[in-house]
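K.L.:
Work out the full structure, taking the sequences as your base and the hints as a guide.
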Amino acid sequence: MKAGIVVFPGINRERDMAIALEAAAGHKPRMVWHHETDLAGLDLVVIPGGFSYGDYLRCGAMAAQSPVMGAIRAHAARGGHILGVCNGFQILTEAGLLPGALLRNASLRFLSMDCWLRVERADTDFARHYQPGAVFRSPMAHGDGNYFADDATLDRLEGEGLVAFRYVTQEGAVTPEANRNGSARNIAGLYSPNLRVLGLMPHPEDLVDPLMGGTDGKPLFDGLAAALAA
Amino acid sequence: MKAIVTVMLKTGVLDPQGKAIGQALHNLGFAGVGEVRAGKLIELELAETDPEAARAQAEEMARRLLANLVIESFRVEIAPLEIPG
Amino acid sequence: MARDVNESLARVFGLSAEEYARVLDIMGRTPSLTELGVFSVMWSEHCSYKSSRVWLKLLPTTAPWVILGPGENAGVVDIGDGLAAIFKMESHNHPSFIEPYQGAATGVGGILRDVFTMGARPVANLNALRFGDPALPRTRRTIDGVVRGIGGYGNCVGVPTVGGEINFHPSYNGNPLVNAMTVGIAPADRIFLSAAAGVGNPVVYVGSKTGRDGIHGATMASAEFGQDSEEKRPTVQVGDPFVEKLLIEACLELMATDAIVAIQDMGAAGLTSSSVEMAGKGDVGIVLDLDAVPQRETGMSAYEMMLSESQERMLIVLRPDRQEVARAIFAKWELDFAVIGHLTDTGRIVVTHRGVVEADIPLAPLAEQAPLYHRPTVDTPQPAPLGEVADPVGLEAALLRLLGCPDLCSRAWVWDQYDSTVGGQTVRRPGAADAAIVRIEGSRRALALTTDCTPRYCQADPEAGGAQAVAEAWRNITATGATPLAITDNMNFGNPEKPEIMGQFAAAIRGMAAACVALDFPVVSGNVSLYNETEGRPILPTPAIGGLGVLADAAASVGLALPRDCCLIVIGATVGHLGQSLWLREVAGREDGPPPPVDLAAERRNGDFVRREILAGRVRACHDASDGGLLLAVVEMALAGDVGAGLLPAPGGVASHAFWFGEDQGRYVLAVQDALAMLQAAAAAGVPALLLGVSGGKDLTLPTGDTISLARLRAVHEQALPSLMGG
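Protein chains in written order, with the numbering used here: chain Z, 7 to 236; chain E, 93 to 177; chain W, 17 to 743.
Take these hints with a grain of salt, some might be off.
Stated by the list, open to error - Which residues of chain E face chain Z? A partial, calculated answer using Cβ under 7 Å:
no., residue
1, Pro108
2, Ala112
3, Asn160
4, Val162
5, Ile163
To be clear, the hints were calculated from the coordinates, so they are not data collected in a lab.
C-beta: ideal position from N, C-alpha, C; glycine also.
P.N.:
This is the structure:
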């Protein structure tokens, strides 16, 4: 798997992501500066978490306009894999590569805690190492993770099976209490129609080492590495 | 010209910030406050001197960057540039 | 701006008549306004430590593992594998009272710069916070703003906030304390210092532009609050964590080259203190051309530029042949980069603006003749012995009251607003262990980090309280299995011109020094914040200690989560000391008696034993017994592990409430599988040990036979702070 991590000014989880990708792929990912326009040779483009451009104006709004986004769109158009985590998910929605938007958390507070995620489908290159319906733990850390889309869009996403992960209780139940940021229909992550683009708010890359409290996030990266093995 | 771009969440999009402000006003004893909505105001100093051209320019900026039309709407006002001093 | 400079203006600037006379003597003429500004900030309490220096000298600052002690931007210790930990704690008390969000945010920004200016990548933030009575709306607004500010800045720069502490007391009503600590990692042979060198070398300004922010922040930090504090609001600085993040990356990139001769952040007193200190330490002169300073506002005077406290700015002395390398790095990160001067051999700082020399001051006398005061001290009277205190409510009611009181209830509402996992190296997050554990990327090694102080002890007996603060930091690091290495201190006190306040300061230093020596735990950096008073009422003396320890293998650390089927053993002697305990305050409604004494020899013996047992793999969980005593320690372990416990009766000779809620020092509660072996090992080591009970189930069974479910305990513990803060 040849992975590249896009670094915008203000991104801050690129190192975490690099560690998780290296552990899965066996070699270091390429760090892609936001001025670069050539992503040739990459199987997977990752937009990591952080505060690109300080989250000023709107989270992800300015990164979505930067030079590298043209290359990322082209990568998506040719069926390349893209993973956007946290700020990366926000950037993907701002760029129109995934529908909807991420609003301020319903509590108006930053939320840094573990959440439980339910795998809504496991037949994708991202989720293939999870069981369908499996519940796994993931850290999350965001101020604007409240997923919003209009009802027609939400119905379409559900109908087409594009919801990747939902916030649930440890037992797997979709409840308001499990949905700390107030996301529509407890949506934590979304696929593009071709299932090659995944955006999600939580940080599975921060739970890939038993020393940090678990390896619940590791199957995502191992699955990708297996799917994209050259 | 100066362009003043007001960006608001669209009607129907939950505005927790507005709700919180409304609650705080209520707690402070202000009666009769209905719905409160919070938005952003962005002032742009533009070299363009024609008001209509300036408006068109600001609207294009709002559509491309200043507002996210999935969740927000915007309004542009044009005013003469104040010369300091 | 043409104001006559005279003694009365000097007084407005915070200089005494005697200090102003000294200025006249050094200058040989009436100083310009800009020169007066430079003297006033360099001789402020904040920059000169004029009241505290004589006492700070008593603190031990050396050990074989100390690379750099106090005197630089932060302290440096060797943590093995060719790496150094660089750390410091600093106060932002006054700004946080005036504008809690920005005050706390810029406090975090400032301490981060102190650490990365020395070449370290920041890997952890902690903060020690003290607030007033939480029932007051003003206190709640302050808490809300401070917590948001710390999170807003730390989360954005991508440095995990992994620990800290919060206390409440009405003495902080008008004067909250915000003490922020940053820890960074650097190669031990690549530490960057601030002493300028090389006549002719360019002096470069990088970072954000200069505006009229926070002018006279350093003198504000050296004055008491009065009614007019509200009017000082415009001087509060605004932080930009996005620029700070870029500045960190750009500086670290530049530090990987050989371009830097010296580097210093522009903290309090901005361009003045950075240029004066860099040139002064290097025994050189410096010329600054203020026309070259990147400016955010128009029409700024030399005085304003020299005293501005605009954030996210650094001053660098470069090798002249590396100027373009440096310029390219800052251009890449879209930060300002301007050559604003050069070094000279004159030993003077010369500041020009629009062709006029606005300041020309000899550096040596500015530093050497800085005021130094041996202020009078009065000892705090020894508190009267407490005597017997009957138990008015019984164990269960007292436990529930303590568990939900502001000083002991769960801090999750606060931690949940701080990103504690960014970086992917946080082994033990806030609340998971007595010290936060952060692994060093790419290594098995880890740091153990904590902040500690018990101000009510310091108020009753500053010397015992000073020793206790150091001992508790050492204990909290030890309780994870780590080896304590060094501390940073943040001395928060009232008005030093009052002998009783200076007496508190001196006694706290004596206590700290004794503990540092006994525990091999030197002070490597620190900060003093005086004049923490509102309308003449001082805060509790608060010498906050930030402790750092190291683990050779992060996997060897233990947390406090209680596993099932273990025995609970307390290490250390329990005599049931109730003086100044939280039980006494919250249950008996009294705040008197002496604080618990710290027996430093026993502290050392007990801690060394516990660490050895943890590293030998014989301890499943460990928690020190401090605020609230043994019962709170056991309950905190049970809640963290979601495992219940059954407790045995107190031994004869100690009243039940004194045994379970007394705050005797030097104690640890261990969860072990083989109780007999542990008791025997303790006996062999000459360390007191006692079986307290066993773990299992989902209830706490008190020695009285009363049973409380963990769910009920959790509700009391976790709902207290959110309900105080309104959700």
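K.L.:
If a hint holds in the structure, say so; if it does not, say that too.
P.N.:
Going down the list of hints, with the structure as the test:
1. A cut of 7 Å between beta carbons decides the hint on Pro108 of chain E: the least distance to chain Z is about 5 Å, and the hint holds.
2. With its C-beta approaching chain Z no nearer than about 6 Å, Ala112 of chain E sits inside the 7 Å limit, and its interface hint holds.
3. Hint status for Asn160 of chain E: holds, given a least beta-carbon distance of 6 Å to chain Z, under 7 Å.
4. Given hint, Val162 of chain E at the interface with chain Z, holds; its Cβ is 5 Å from that chain's nearest Cβ, closer than 7 Å.
5. Taken as an interface hint, Ile163 of chain E checks out: its beta carbon lies about 5 Å from the nearest beta carbon of chain Z, inside 7 Å.
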